[in-house]
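Asks: The residues making up each chain are set out below.
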Amino acid sequence: MHVHVWKGREEKDMEAMAKACELYGVDKIFISGLAGELPEPDAIDEINDYTLKYMKRYPDLVEGYCTVNPRHEACMNTLRRCVEDGGMIGMKLWIATKCDDPLNYPFFEKCIEYDIPILLHAWRKTIGQLRYESTAENVANIARRYPEANFIMAHIAGNCYSGVKPVVDCKNVYIDFSGSVFRADDIEYTVKWVGAERIVFGTDMPGSYLVNEGQVMEAQISDEEKEMIMWKNTARLFYKEVIR
Amino acid sequence: MEKYRPTLLQGGNPMSALDLNCMLGRWPFRKLRHSNTEDLLNTHRINRITGGCISSLDSVFYNDPYEGDEDLAEILKDMPGYVHIQSVNPILSFTVDDVIKGAESLGTKGVKIYPCYHQYDFDAPELEPLFRFCEEKDIPVFVQLRMEDYRADYLVLQKQFGAKDIQALLEKYPNNRFVLLTARLNEIQALAPVINESDKVLFDTSGLKDGLFSVEAVVEKIGTDKLAYGSMYPLFCLKSTLLLVEKAQLTEAEKKKILFENAESFLGKSFFGR
Numbered sequence: 001m002h003v004h005v006w007k008g009r010e011e012k013d014m015e016a017m018a019k020a021c022e023l024y025g026v027d028k029i030f031i032s033g034l035a036g037e038l039p040e041p042d043a044i045d046e047i048n049d050y051t052l053k054y055m056k057r058y059p060d061l062v063e064g065y066c067t068v069n070p071r072h073e074a075c076m077n078t079l080r081r082c083v084e085d086g087g088m089i090g091m092k093l094w095i096a097t098k099c100d101d102p103l104n105y106p107f108f109e110k111c112i113e114y115d116i117p118i119l120l121h122a123w124r125k126t127i128g129q130l131r132y133e134s135t136a137e138n139v140a141n142i143a144r145r146y147p148e149a150n151f152i153m154a155h156i157a158g159n160c161y162s163g164v165k166p167v168v169d170c171k172n173v174y175i176d177f178s179g180s181v182f183r184a185d186d187i188e189y190t191v192k193w194v195g196a197e198r199i200v201f202g203t204d205m206p207g208s209y210l211v212n213e214g215q216v217m218e219a220q221i222s223d224e225e226k227e228m229i230m231w232k233n234t235a236r237l238f239y240k241e242v243i244r
Numbered sequence: 001m002e003k004y005r006p007t008l009l010q011g012g013n014p015m016s017a018l019d020l021n022c023m024l025g026r027w028p029f030r031k032l033r034h035s036n037t038e039d040l041l042n043t044h045r046i047n048r049i050t051g052g053c054i055s056s057l058d059s060v061f062y063n064d065p066y067e068g069d070e071d072l073a074e075i076l077k078d079m080p081g082y083v084h085i086q087s088v089n090p091i092l093s094f095t096v097d098d099v100i101k102g103a104e105s106l107g108t109k110g111v112k113i114y115p116c117y118h119q120y121d122f123d124a125p126e127l128e129p130l131f132r133f134c135e136e137k138d139i140p141v142f143v144q145l146r147m148e149d150y151r152a153d154y155l156v157l158q159k160q161f162g163a164k165d166i167q168a169l170l171e172k173y174p175n176n177r178f179v180l181l182t183a184r185l186n187e188i189q190a191l192a193p194v195i196n197e198s199d200k201v202l203f204d205t206s207g208l209k210d211g212l213f214s215v216e217a218v219v220e221k222i223g224t225d226k227l228a229y230g231s232m233y234p235l236f237c238l239k240s241t242l243l244l245v246e247k248a249q250l251t252e253a254e255k256k257k258i259l260f261e262n263a264e265s266f267l268g269k270s271f272f273g274r
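For the protein sequence lines, the chains are S and F, in the order given. For the first sequence, position 132 (counting from the first letter as 1) is numbered 132 according to the numbering used here, and the numbering increases by one without interruption. For the second sequence, position 16 (counting from the first letter as 1) is numbered 16 according to the numbering used here, and the numbering increases by one without interruption.
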């Protein structure tokens, strides 16, 4: 539920991901396009158009998030177009604003109206923290402001030991462990604090894939918990399906 | 909903492997849930790993690293197939004496350095006596380029190294045998011309986390002879590093080389007691 195409290398990314999905047995990927730290509206439109294109090219494989830069009001039209006309089923916020910035509020309120999940990039870095990069504390702030919204905190906020506890009580925050930090204990630690019910399987493809799958395979949790993480929670969150 | 069911939750490694880069001990920055001897052996057994090179995590942080290796030597008495790699800090003046003592008393067969935590450069003069001694005795030097992801460092920041630093090391000490651990894909790609000219360098796979098809990308640049499986267990998820090789679009013969033949041919079959 967390993969990307990057502006300027969209076809290369999509081709690699399609190949990986076939080789590794992936049935669904949820794409968001990324176009730089503070993308202009035309860049946002362009990258979302690529996502729409891949949704059409691979209708059984690809779902789409609409990427927005809330610094631009025009992105509200982009969101409407991508969800209402294009059939995207989520919204993505990256690093143009911290996720609890009031600039985001109208976008979150629109997502609540659409009843679609919101994928929030989050990462606390010891070195190299970006200017508007959210941390788990920012995620907790916004989750408390909008309890009726469903948020996904990406990358376990970079480090499960600082990222999980701030959102433990925010039941509307799901957690993905996408990305290339693949420590042996991350899954078990996260399950311990929030339960498997709130963990979803993301990878950050084309940035990584197998390391994330290996984490689930090796985690000493039950098979049922692994199934929840690998697909059941995502199906429930995005498709509102009741999974037995 | 059956169509969303992943296909890879079952199954194991179809061929056996050696693990060039695993450790036992404690880690000061977080609780390790599966770090004792039984955990390591179980995880290796499940994944058909039959042996490898083990070093002491404790020694990385001890004032006297030798004390961690004494403890590890006791454990390894009951672990046939595993080779003891001695952890040293070459900044300490008694390092060569410790290496001599380790080989004689503890049965160590290689040395491992941690410039990332011991905070020296590869051109530090203190390294020369150790590397000269290892060259004379043909002792392989394992270089742990990094341990956990820098971005998740806690309390102590690792010193960072890149391709230029590794190149300088290989050029300054062309006669030493180096096993370079946890190098990144972009570093190996950048170093390809140097690596392809040397028969004294082996990389492990534990740092190839970035991008799809990273093992394939390394093989494209340097071939299959200078890459060997290493896990960084218990810090990294072993299954993750193993999948990178298992699922690579390589022939079975190429995977076999990476999983154990290259380690044996670089270090010698007798190194692993075979």
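Quick caveat, the hints were computed from the structure, so don't treat them as lab data. Worth double-checking, as some hints may not be accurate.
Here are some, though not all, of the chain S residues that point toward chain F, as calculated from beta-carbon distances under 7 Å [stated by the list, open to error]:
no., residue
1, 103
2, 161
3, 172
4, 185
5, 214
6, 237
On the chain F side, residues computed to face chain S include the following (Cβ under 10 Å) [to be verified]:
no., residue
7, 26
8, 29
9, 33
10, 37
11, 153
12, 246
From chain F, some residues computed to sit far from chain S (all C-beta separations above 10 Å) [what the hints assert, rightly or not]:
no., residue
13, 51
14, 91
15, 126
16, 148
17, 149
18, 162
19, 210
20, 234
21, 243
22, 270
Glycine included, each C-beta is placed from N, C-alpha and C at the ideal position.
Asks: Look at each hint and say if it fits the structure.
Replies: Taking the hints in turn, this is what the structure says about them:
{"no.": "1", "hint": "103", "verdict": "violated (26 Å)"}
{"no.": "2", "hint": "161", "verdict": "holds (6 Å)"}
{"no.": "3", "hint": "172", "verdict": "violated (23 Å)"}
{"no.": "4", "hint": "185", "verdict": "holds (5 Å)"}
{"no.": "5", "hint": "214", "verdict": "holds (3 Å)"}
{"no.": "6", "hint": "237", "verdict": "violated (12 Å)"}
{"no.": "7", "hint": "26", "verdict": "violated (13 Å)"}
{"no.": "8", "hint": "29", "verdict": "holds (9 Å)"}
{"no.": "9", "hint": "33", "verdict": "holds (5 Å)"}
{"no.": "10", "hint": "37", "verdict": "violated (16 Å)"}
{"no.": "11", "hint": "153", "verdict": "holds (4 Å)"}
{"no.": "12", "hint": "246", "verdict": "holds (9 Å)"}
{"no.": "13", "hint": "51", "verdict": "holds (20 Å)"}
{"no.": "14", "hint": "91", "verdict": "holds (23 Å)"}
{"no.": "15", "hint": "126", "verdict": "holds (26 Å)"}
{"no.": "16", "hint": "148", "verdict": "violated (7 Å)"}
{"no.": "17", "hint": "149", "verdict": "violated (5 Å)"}
{"no.": "18", "hint": "162", "verdict": "holds (14 Å)"}
{"no.": "19", "hint": "210", "verdict": "violated (6 Å)"}
{"no.": "20", "hint": "234", "verdict": "violated (6 Å)"}
{"no.": "21", "hint": "243", "verdict": "violated (4 Å)"}
{"no.": "22", "hint": "270", "verdict": "holds (31 Å)"}
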